[in-house]
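Undergrad: In case you want the letters, here they are:
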Amino acid sequence: MSDSAASPSAPPSLTELFQGFAAVSLSGFGGALPWARRMIVEKRQWMTAEEFNETFSLSQFLPGPNLVNFCVVFGSRFGGAAGAVVALAGLLGPPLVIVTILAALYALYGDLAVLTRILGGIASSAAGLIIANVAKMAEPMFRKRWNFAPPVAIAGFICVALIRWPLPWVFVFLAPVSVALAWVSLWGRR
Amino acid sequence: MKDDPLLALFGYFAALSLFAVGGANAAIPEMHRVAVDVMHWMSDRQFADSFAIAQVTPGPNVIVVTLIGYHVAGVAGAAVATVGMCGPTCAMAFFVARFWDRFKDAPWRMAIQAGLVPVSLGLIAASAFVLARAADHSWLAGLITAVTAVVAYWTRVNPLWVFLVAGVLGLTGWL
Chain A
0 MSDSAASPSA
10 PPSLTELFQG
20 FAAVSLSGFG
30 GALPWARRMI
40 VEKRQWMTAE
50 EFNETFSLSQ
60 FLPGPNLVNF
70 CVVFGSRFGG
80 AAGAVVALAG
90 LLGPPLVIVT
100 ILAALYALYG
110 DLAVLTRILG
120 GIASSAAGLI
130 IANVAKMAEP
140 MFRKRWNFAP
150 PVAIAGFICV
160 ALIRWPLPWV
170 FVFLAPVSVA
180 LAWVSLWGRR
Chain B
0 MKDDPLLALF
10 GYFAALSLFA
20 VGGANAAIPE
30 MHRVAVDVMH
40 WMSDRQFADS
50 FAIAQVTPGP
60 NVIVVTLIGY
70 HVAGVAGAAV
80 ATVGMCGPTC
90 AMAFFVARFW
100 DRFKDAPWRM
110 AIQAGLVPVS
120 LGLIAASAFV
130 LARAADHSWL
140 AGLITAVTAV
150 VAYWTRVNPL
160 WVFLVAGVLG
170 LTGWL
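These protein sequences, in sequence, are chains A and B. Counting in numbering that gives the first Met the number 0, the first sequence runs from 0 upward without gaps. Counting in numbering that gives the first Met the number 0, the second sequence runs from 0 upward without gaps.
These are calculated hints, taken from the structure and not from any lab test. Yeah, the Cβ is synthetic: ideal placement off N, Cα and C, and Gly gets one too. A portion of the hints provided could be inaccurate.
Said to hold, decoys possible - List of simulated lysine to aspartate or glutamate pairs, EDC-like, C-alpha gap at most 20 Å:
1. A:K42 / A:E15
2. A:K42 / A:E53
3. B:K103 / A:E50
4. B:K103 / A:E15
5. B:K103 / A:E49
Claimed, not checked - Now the stretches of chain A that chain B is said to cover, found in silico as 3 or more residues with beta-carbon under 8 Å:
6. 39-49
7. 66-73
8. 82-91
9. 108-115
10. 140-154
11. 162-168
To be verified - Taking CB as the label site, the calculated pair distances span:
12. A:P149 / B:G172: 36 to 46 Å
13. B:P4 / A:F172: 26 to 36 Å
14. A:R163 / B:G10: 19 to 29 Å
15. A:R142 / B:D104: 18 to 28 Å
16. B:W138 / A:G92: 40 to 50 Å
If we strip away everything but chain B, and leave its shape as in the complex, we get (with noise of 0.2 Å):
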């Protein structure tokens, strides 16, 4: 049963989700480094699609490992994939959730809290940089992440407008 994909999903999502300090997009890079490169489950191309796609489905952003799961093994892939990811980390704030309030002064704690930060910060910024380099295959295409960056940083427009606008120049082939 070594090559059974279910468990070899099950086992990977579960193991990365305890080092994803900073939620599903912390650990893009990873997923990215495991599915394309390590696993080749999909290509370059299908990562950046699969994150589009979640993107643009309504709900957190932990849904791209979804769309892994089903791109390696249908709708019990996507199931496994998707339990592996949350089920240890949801019984992990339970857990921790029951006695975190007692500690709310506690050096240690806010010591914890503090170092965290600049750690998911540097995740995240990784994961803008592994996806931009997947999607964008051109200069316009760079051109579009720069602009959606400034866009965003700047103004409270609704990203979904901005993802419109992109799919609509992605459309005409220029990209």
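Only chain A is shown next, with the shape it has when bound in the complex (with noise of 0.2 Å):
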């Protein structure tokens, strides 16, 4: 394989595999991607920072949750199919049965005004940090002077949160349109 020889440390085990994504798993709140860099750039050194980087593009890329699809991609470069299956194992297993608890927890309790008063508070904290993520993604798109990408992000976010539509109607419209649009402004005027 072309990218063992790039990569700065040996290739993970299956088991690695496993208890790397757990770790990142984990520890991630609120996002696990911060996590997943540093296990495998800094301390496992699995791949480079570029390698990193080019992997998750492809992950954010394609649709469907990024970490997971970045868990897949990683998972099988290394592993082929065992290694995707226990990468995925590794991320998903340990957050699906604790959510599972607490969901039955909030089944049982979930009308309780203490709770309620406690999830309301941290769903309107949890939106405020979307919005952050939203303004660190805007930012060097609306830096530019004139690019196709804020109009694009504008009319998806009027599309689907002021007039409702329903995504896949949005999506089917706007992608091809952004993505012509990315064309000619990358190579139209060669």
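Grab the two chains, each in its own frame, and use the hints to assemble them into the complex.
TA: What follows is the structure in structure tokens.
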């Protein structure tokens, strides 16, 4: 494999894949991406920072949960189908057990006023966390003088948040338009 | 078997996942629209609560789907919803990863990547809006949303601490 030569450290075994992703999963609150980077690039040195970014950009571009996609791409690169399954089990196993227990508790006590109030506060805060993520993503896009990205993002926001059109409609219309605009802005002026 | 909730959950999340470019957070408005407005699986508050529980659970954001599934059909619902949301896209990631590197410098690949970023940004912004509307019923709750956004944008404080403060403020009943 060509990537093993570029990787700074020995490729992970199946057990290490499971342990690594389980550790990432259990330490990641409000998004586990920074922890994945820390584990893979800094701590275990399975990939260089560039390899990590390249692999992660693929996971972001594919539909579905980003980190779950990343886990599959990463696991399959080092251990084929078995690697993908083992890495997924590490990433999703522990939080699924925890969240199922919490779901059962919520089903029992969800109507208690105390719990409702606590969760209400956390939910308000969690919405703020997403706003911060949006701001971080938007910053480079709005900094350039003119480009197609801000109008596309704003159109998507209006259609989904304000008009409440179903996501598939919006996506099927907006994604091809945006890709075509990206094509023009990348290659059109040659 | 038309009304089988497990089948409905699986089919719904499997279909949704294919449009969830930008991750689980990009699909929040669609989950809210279907779970609350169309299927009446849960109330607005229960949806916001589920999101809050998913946020305080360690792990990827996608586990909010597990909570919705559990709410509809117990443990089986949780399992089916999670597999629906992750299964098809995992298979896709597995196969695409094999040939993706070969097209590293292909113009179409760069256009697709550059074109999908603003789409997912718009979708995630919509998620923030929908969640804030579901969660904030007073000006003080709105203030918590705003303060969290500012803190998370300008500092590197672990979000868990912010959630802790917000939970305590919620407990006081002022929100």
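Undergrad: Against each hint, give a clear statement of whether it holds in the structure.
TA: Do the hints match the structure? See the list:
no., hint, result
1, A:K42 / A:E15, "holds (13 Å)"
2, A:K42 / A:E53, "holds (19 Å)"
3, B:K103 / A:E50, "holds (12 Å)"
4, B:K103 / A:E15, "violated (29 Å)"
5, B:K103 / A:E49, "holds (13 Å)"
6, 39-49, "violated (count 0)"
7, 66-73, "holds (count 5)"
8, 82-91, "holds (count 4)"
9, 108-115, "holds (count 3)"
10, 140-154, "holds (count 8)"
11, 162-168, "holds (count 4)"
12, A:P149 / B:G172: 36 to 46 Å, "holds (41 Å)"
13, B:P4 / A:F172: 26 to 36 Å, "holds (31 Å)"
14, A:R163 / B:G10: 19 to 29 Å, "holds (21 Å)"
15, A:R142 / B:D104: 18 to 28 Å, "holds (25 Å)"
16, B:W138 / A:G92: 40 to 50 Å, "holds (41 Å)"
Of the hints listed earlier, those the structure fails to meet are numbers 4, 6, in rising order.
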